[in-house]
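Participant: For this one, chain A is given, so just place chain B on it according to the hints.
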Amino acid sequence: MTRVSAGFLFLFVLNVGVQQPVFAATCGCAGVPLLTSIDTSANEKGQLFISYSAEDHQISDLVSGTNDVPDETGRDRSSLSQVISASYALTDRWSVSALVSYIEHRRTISSSFLGETKTSGFGDSVILARYTPLFITPFSSHELSVGLGARIPTGDDNFDAGNRFVTAEDMQPSTGALGKIIWSSYSYAFNQAATLQLNASANYVANEANDRDYAFGDEFNLALGISQSIGTRFGYSAALRYRTTQADTRFDFDIPNTGGKWVDFVPAIQYSVSDNLNIGLSGRIPVARDLKGTLQFTTSYSMSLSLTYAFNGD
Amino acid sequence: MLGRLLIACHLFLLLLQPALAQEPAPLFNGNALLTNQQISLEDYRGKVVFVDFWASWCPPCVASLPAYDQMRSGIGTDAFEIIAINVDENTEDGLKFLKNHPVGYPVLADPEGEIGIPYGIRTLPRSFLLDREGRIVSSHKSFKPGDENKLRLEITSLIGGE
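Line by line, the protein sequences give chains A and B.
In terms of my numbering, the first sequence has 27 at position 27, counting the first letter as 1, and numbering is strictly consecutive.
In my numbering, each residue's number is its place in the second sequence (first place is 1) plus 1000.
Treat the hints with care, since some could be wrong.
What the hints assert, rightly or not - Just so you have them, the derived chain A footprint on chain B, three or more residues with Cβ under 8 Å:
#1 1110 to 1116
#2 1121 to 1128
Stated by the list, open to error - With beta-carbon atoms standing in for the labels, derived distance ranges:
#3 B/Thr-1077 - A/Ile-285: 57 to 65 Å
#4 B/Ser-1073 - A/Val-146: 44 to 52 Å
#5 B/Pro-1059 - A/Thr-73: 35 to 43 Å
#6 A/Arg-106 - B/Asp-1093: 49 to 57 Å
#7 A/Ile-279 - B/Val-1062: 23 to 31 Å
#8 A/Asn-67 - B/Thr-1091: 34 to 42 Å
#9 B/Glu-1092 - A/Arg-233: 27 to 35 Å
#10 A/Phe-190 - B/Val-1062: 20 to 28 Å
Source of the hints: derived by calculation from the structure; they are not laboratory data.
C-beta atoms are modelled at their ideal positions from N, C-alpha and C, and glycine is treated no differently.
In isolation and in its complexed conformation, chain A is listed as follows (with noise of 0.2 Å):
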């Protein structure tokens, strides 16, 4: 059994689309601010953002506990997650966003007679309420934002790839359960417009079990990374990103080969087209991980691309 879907696809999700670009400086020269940071939102009263973004994440390093293993099943894992995602600000203080996904699974095993498995649907939605006590200014270095949300089953959970067979859990568009998730975000600027900023976060998902009794393990993420503006229209940013999932479960008992630890580096850059309009490009490079049970396929690198609209306020 693998553990890949839910988990990773929620990462995505929740930095792609739920987290919209930061203002990364004070200064608004453009409409859109330039950086995707990690996960710091600080929309202005009345701001709203249409993003659209798709990842690649590619599934095929095999490893057992903090070592990769050789695979000689010619096993290649990939799914393509499309975002579509609006963040709108009611208040300066206060923030709703709203995401669906679509996404594609693929698995390929050349040495077995099933070869190739695909399937594809909606998955997963997003809501989540934030709230943005502290944020930076000209006057102010620190930002500070908690949410609370919720991962919403819209997606087909039930595929079964065009045989009698329900196709595995992680094979599955959406995971077919309610998740609950906190979430928090500090971001710190270095100077007064705000181009250099150091930005950590934190969130939390509590996952239900699906109408199978199968539910994914909790997960809790931490990242710390820098983001800095260059100029007018370039940005960067560059993370470490910690993760750990509890066992994945059904009827309560624990599924063997789930569950684990990673660490990721997180980079990626923004360029702004227009006032309104950016484009971001963003990888996931493994670090370390050590990862439950005896052999688990896990991620080799991810890469995703985002397009984001700001519609400004007042």
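Facilitator: Frame of chain A; chain B shown alone:
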């Protein structure tokens, strides 16, 4: 569908904003950076006033200053004035910029946000147009060349309409 709904909601809220904008502008006073003249917003009651927050490190801000200065010259100061608020944390930076690029209107220093915080300044440039009674008629974010022409129409309409 979701996108259309959100855009509709956003437009609806934008329509509400003119009604919300007619609030009394927070009062302030201070000494002008170049002349050290005592400036108080209340002294300009009876004139249309444009309050402009800027910093020397903000490219659109520094682009806007000469454009606003030219606009002010064109409109005249009988019924109109600009008051600029420099928010550089190091006031010397703002002063140095003004010495090299002087403007005809008063510029106050506000490194601690005593003026900017009551105006809710989060990004720059940020500006507010006040009517003769000192009420905020409109607010503006960022600056692109040509924005001053739209602003000039708004100001002359406000002057002429009263």
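Participant: Each hint needs a verdict: does it hold in this structure or not?
Facilitator: These are the hints, each one checked on the structure:
Evaluation of the coverage hint for the region 1110 to 1116 of chain B: fulfilled, as 3 residues show C-beta separations to chain A shorter than 8 Å, against a requirement of three. With a cut-off of 8 Å between beta carbons, the region 1121 to 1128 of chain B has 6 residues touching chain A; three or more are needed, and the interface restraint holds. Between B/Thr-1077 and A/Ile-285 the C-beta distance comes to about 60 Å, which sits within the given range of 57 to 65 Å. Checked against the given bound of 44 to 52 Å, the beta carbons of B/Ser-1073 and A/Val-146, roughly 49 Å apart, stay inside it.
Between B/Pro-1059 and A/Thr-73 the beta carbons are some 56 Å apart, a value that contradicts the proposed interval 35 to 43 Å. Between A/Arg-106 and B/Asp-1093 the beta carbons are some 55 Å apart, a value that agrees with the proposed interval 49 to 57 Å. At about 27 Å, the beta-carbon gap between A/Ile-279 and B/Val-1062 stays in the expected band of 23 to 31 Å. At roughly 59 Å, the beta-carbon separation of A/Asn-67 and B/Thr-1091 lies outside the given 34 to 42 Å, and the hint is violated.
Checked against the given bound of 27 to 35 Å, the beta carbons of B/Glu-1092 and A/Arg-233, roughly 29 Å apart, stay inside it. Between A/Phe-190 and B/Val-1062 the C-beta distance comes to about 22 Å, which sits within the given range of 20 to 28 Å.
When held up to the earlier numbered hints, the structure conflicts with 5 and 8 and fits the remainder.
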